[in-house]
Structures are given as structure tokens and as C-alpha cells.
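Chains as they are written, first to last, in the numbering used here: chain E, 242 to 486; chain B, 242 to 486.
Simulated from the structure, these hints should not be mistaken for lab results.
None of these values were measured; they are calculated from a predicted model.
Treat the hints with caution; some may be incorrect.
No copy is singled out in the list; a pair is fine if it fits within one copy or between any two copies.
As the list claims (entries may be wrong) - Here are the simulated SDA-like pairs of lysine to any residue, each with C-alpha atoms no more than 25 Å apart in a straight line:
(1) Lys243 <-> Arg463
(2) Lys243 <-> Leu324
(3) Lys243 <-> Val419
(4) Lys243 <-> Asp420
(5) Lys243 <-> Arg422
(6) Lys243 <-> Ala274
(7) Lys243 <-> Leu418
(8) Lys243 <-> Gly469
(9) Lys243 <-> Glu388
(10) Lys243 <-> Glu264
(11) Lys243 <-> Ala362
(12) Lys243 <-> Asn325
Number of protein chains: 2
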Amino acid sequence: MKRVELIAVDGVPEVQPGDDLGEMIGSRAILQAGDVVVVAQKVVSKAEGRIVDLDTITVTARAVDIAARLIARPDPRMVQVALNESVRVLRSERVLITETRHGFVCANSGVDHSNVGGRNALTLLPLDPDASASRLRDRLREVTGVEVGVIVSDTFGRPWRLGIVNVALGVAGLPALVDLRGSLDDDGKPLHATVLAVADDAAAAAGIVMGKTGRSPAVIVRGAQLAGGGTGRELIRAPEEDLFR
Amino acid sequence: MKRVELIAVDGVPEVQPGDDLGEMIGSRAILQAGDVVVVAQKVVSKAEGRIVDLDTITVTARAVDIAARLIARPDPRMVQVALNESVRVLRSERVLITETRHGFVCANSGVDHSNVGGRNALTLLPLDPDASASRLRDRLREVTGVEVGVIVSDTFGRPWRLGIVNVALGVAGLPALVDLRGSLDDDGKPLHATVLAVADDAAAAAGIVMGKTGRSPAVIVRGAQLAGGGTGRELIRAPEEDLFR
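Let the sequences and hints guide you as you build the complete structure.
Okay, structure coming up:
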């Protein structure tokens with residue numbers, strides 16, 4: 242009977258810019274080889290100093306115009322930051338859906354309100370989530386002596402379906418996709434078009450434990466047998482192959 | 242430390258039309274109150290007889306035309322069945338993306354090749370996945386005496402991201418969405434636009450264990466503390482509120 246465990250890493254204190262996040266997680270978790278550690282983007286961004294003070298933002302007329310058309314009526318400075326982080330705006334009626342510099346398609350370029358040291362600030366996505374995952378993986382190895390996989394995750398909305406789910410932005414030390422094409426199904430027939438987004442499944446699994454209000458910025462996925470290497474970048478559908486962009 | 246377990250239900254034999262799937266799963270699983278049992282759509286469809294013999298299908302010119310434009314070069318009869326199951330075609334270049342009668346947006350209306358008793362057949366999605374989940378829940382209660390939640394899941398592709406992930410089509414005995422709006426985050430600030438698709442997270446988690454080739458048509462999600470009620474229908478974004486349809 243195959244069994245996978247999802248274990249919250251508790252007791253991680255509020256993360257500040259410059260904090261050694263790998264040490265903060267590694268010292269609170271008893272890791273085993275083959276574990277995948279899913280870390281919330283928000284604490285990664287905070288540790289990396291990917292924070293913008295709202296008071297430093299100068300808004301353009303475009304940001305003011307878009308802000309007025311959004312249901313959430315956001316601070317136009319927040320819209321401005323989301324625009325700054327984007328290469329393309331897909332929708333700006335009711336909600337702001339952009340393509341980020343990394344190629345992620347998500348609401349508000351992944352920019353989020355955050356209270357950092359009492360300041361009214363915004364967190365931005367990590368500059369390179371795969372590099373963030375890789376650095377965390379290296380640091381966890383140093384701190385614990387254990388080789389694990391790391392996913393930097395965030396919650397994204399989806400077209401066609403309601404609610405947000407946790408997805409993998411950055412990946413290190415595990416495959417992002419598992420290509421079963423050429424394998425046979427239970428009936429012995431070839432599987433077509435069956436590429437599993439295993440890193441997204443693992444991120445979503447961690448999402449059950451992470452919740453949104455509970456202070457569990459890291460979750461261990463144990464027993465998933467996800468050997469190999471991959472990147473979060475591989476999970477991004479190329480714009481020219483995307484039928485819905 | 243919050244902990245969730247994902248446990249494969251092993252040893253379920255090949256499912257045939259008319260089979261008592263609830264008994265087949267319940268007799269092989271030691272369930273606990275509060276467990277969520279995620280069951281693959283394919284075995285639900287087989288048990289419910291949602292199967293079409295390819296030899297009984299008459300194709301239209303439209304199905305032949307679409308089949309020729311798809312990368313997978315499917316049997317036009319398969320395209321015909323997908324069209325029959327749909328209320329709308331969103332894309333028919335390279336891949337066939339439809340809106341099903343239920344409102345799901347997915348590839349080929351969720352129609353899948355299947356070897357059922359040696360016949361060259363197709364499985365269709367359950368007519369009413371919420372009703373399927375509800376019936377399975379009732380049957381599991383009868384067989385095991387335990388009150389569980391049930392998700393009927395399938396693997397769907399996504400725009401913008403590569404690979405397929407497991408999602409919840411039918412839900413019974415657990416919430417589909419958890420609305421955290423009005424709650425406070427760790428910093429004591431109100432959470433905006435934070436509706437978690439917990440049933441999709443749970444389905445994706447089960448997907449790690451289910452795999453695609455391993456014969457684990459059911460997975461127990463234990464410890465997720467998903468109390469309440471909901472339906473898979475709630476996870477469908479209304480077409481008039483959908484910006485990408």
C-alpha cells in the first residue's frame with residue numbers, strides 16, 4: 242500500500258529580509274532523504290528582500306485607470322507594481338491577469354500585500370524561483386545533511402474553475418513533469434498525452450496542510466518517490482503553444 | 242505538527258459495468274471518520290456503465306474535419322463522442338477543448354479510451370459526478386459503518402501551464418471551496434480574494450499516489466480536517482464570469 246505523508250513544519254518565526262530561511266526550516270524539521278520540502282513563496286520573497294514599500298511607488302494614469310475597473314478596488318500603487326512586474330496584461334476588467342517576467346500567468350503578477358516589520362508593503366515573486374528552490378535545497382543539505390527536493394509554491398487562480406490552488410513556481414531536486422507517453426496503462430494500451438505535472442500535484446498537496454492562515458510556511462511531502470531533476474520553468478506553457486493567452 | 246496521510250487503496254480488481262464500486266473499495270480500506278476517499282473517474286464511469294462501444298458510432302463530417310486538425314490524430318469516432326458530450330467547442334486546433342454538459346472545460350469532453358472486457362470502447366464522464374460521489378459515500382457508510390467524504394477525480398490539463406493535474410469533478414461530504422474572505426492572515430490583516438479550492442487540492446494530492454499506470458483507483462486522504470459539505474458543481478466558474486472562455 243503506497244503511502245505519502247504531508248507534514249507541516251511548525252514554529253517558523255516571522256521571516257525578515259536577509260533571514261536564513263533554509264536554516265529556519267531545516268532546524269525545525271527532521272528530514273529524510275527523498276523528502277520534498279514545499280516552501281511558500283511569501284516567506285521566500287521576504288527572506289530574499291523582494292519587498293516594495295508602498296510609499297515609494299509613483300503611479301501612472303494607466304494604473305489608476307485599471308485599479309478603478311477591478312472588483313477589489315485595489316490601491317493603484319499595488320496595480321502599478323503588478324504592471325512593473327509584468328511583460329503583458331491579459332485581462333484588466335474585474336481582475337488583473339498578467340504574464341510575469343518569468344512567464345507565469347496569474348493575478349496581479351503574484352504581488353501581494355504584506356506587513357513587513359510594520360511597514361505597509363508588497364511582496365513580489367522571487368526573481369528566479371528555480372534559483373530560490375536550488376539555494377534552499379543546498380542550504381537544507383548543509384543544515385541537515387539530507388538530500389531533499391524543494392518546491393517554491395504559490396496559490397494561483399484558474400480559468401474555468403473557481404478557487405485558488407497551490408502550484409509550483411520553483412523546483413529543485415525533483416521532476417516537475419513526468420512523461421508517461423510510451424508507457425502502458427493498466428489495460429496494456431499506450432498512454433497518450435499523459436504528462437503528469439507532479440510538482441504541481443505535490444504543491445497542491447502541501448496546500449492542504451499550509452492553509453492560508455495557519456503559520457506553516459513549509460510542508461514536507463514524504464514518500465512520493467519523485468526522483469530526478471526538473472525546474473518550475475518547464476511547467477510554463479510556451480506562449481506560442483498556448484491556446485488561451 | 243499538522244500531518245495528513247495519503248493512502249492508496251490497493252487490490253481493487255478491474256471494474257466492470259454494474260460492479261458495486263463502493264463495496265470493492267470499502268472492503269479493501271480501513272476507513273476512519275473524517276477520511277476523504279478520492280476515486281478515479283474512470284472506475285466510476287466503468288461501474289456506472291458510462292461506456293460507448295466505438296463500433297456503434299456514426300461520424301459526422303465535422304468530427305472527421307476536427308480529427309484531422311488534432312495533433313494526436315484521434316479516431317474520428319472518438320471526436321464524435323467528445324462532440325456529443327459537449328455543449329460548446331472552445332478550441333479545435335491541435336487539441337479539442339470543449340465545455341461538457343456539466344460545465345467542465347477539458348480536453349475531449351473527458352472521453353477516454355478504455356479496454357472494457359476486450360472491447361474497443363470509450364469511457365464518458367459520469368452523468369452527474371456529484372451524485373456519483375454521494376452514492377459512493379452512502380455505500381461506503383453501509384459497507385464500513387464510517388462517515389467519509391468522497392471526491393470523484395479526473396486529470397485535466399490547464400491553459401498557461403503544462404502537464405495534467407488531478408481535479409475534483411464530484412464532491413460529497415466535504416467542502417469544495419473554503420472561503421477565507423473576512424479572516425485575518427498571520428499579520429492580522431484581512432485576506433482578500435482567498436477562496437481555497439480544497440477539493441481540488443485534495444484531488445491533486447491523491448494524484449501523487451494514484452499515478453496513472455499504478456492500479457490505485459482510490460486514495461484515502463486522512464487528517465485533512467475538511468468538515469462540511471460541498472459539491473463539484475461549485476468549482477465550476479460560471480461562463481458569464483469567466484474571462485477566458
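Each hint, compared with the structure:
Both within a single protomer and between protomers do lysine 243 and arginine 463 lie at most 25 Å apart by alpha-carbon distance, with minima of 11 Å and 14 Å respectively. Taking identical chains as interchangeable, the C-alpha atoms of lysine 243 and leucine 324 are never at most 25 Å apart, the minima being 45 Å within one chain and 37 Å between chains. Within a single copy, lysine 243 and valine 419 get their C-alpha atoms as close as 18 Å, which meets the 25 Å cut-off; across copies the closest is 28 Å, which misses it. Taking the shortest alpha-carbon separations for lysine 243 and aspartate 420, only the intra-copy value of 20 Å comes in at or below 25 Å, while the best inter-copy value is 32 Å.
Within a single copy, lysine 243 and arginine 422 get their C-alpha atoms as close as 23 Å, which meets the 25 Å cut-off; across copies the closest is 36 Å, which misses it. In this homomeric assembly, lysine 243 and alanine 274 come within 25 Å of each other (Cα to Cα) both inside a single copy, at 17 Å, and across copies, at 20 Å. When the C-alpha separation of lysine 243 and leucine 418 is checked against a cutoff of 25 Å, the pair qualifies only within one copy, where the shortest distance is 20 Å, while the shortest distance between copies is 28 Å. Taking identical chains as interchangeable, the C-alpha atoms of lysine 243 and glycine 469 lie at most 25 Å apart only when both belong to the same chain, with a minimum of 19 Å there against 28 Å between chains.
In this homomeric assembly, lysine 243 and glutamate 388 come within 25 Å of each other (Cα to Cα) both inside a single copy, at 22 Å, and across copies, at 23 Å. In this assembly of identical chains, the alpha carbons of lysine 243 and glutamate 264 lie at most 25 Å apart only when taken from different copies (21 Å versus 31 Å within one copy). In this assembly of identical chains, the alpha carbons of lysine 243 and alanine 362 never lie at most 25 Å apart, being 44 Å within a copy and 30 Å across copies at closest. Neither within a single protomer nor between protomers do lysine 243 and asparagine 325 lie at most 25 Å apart by alpha-carbon distance, with minima of 45 Å and 38 Å respectively.
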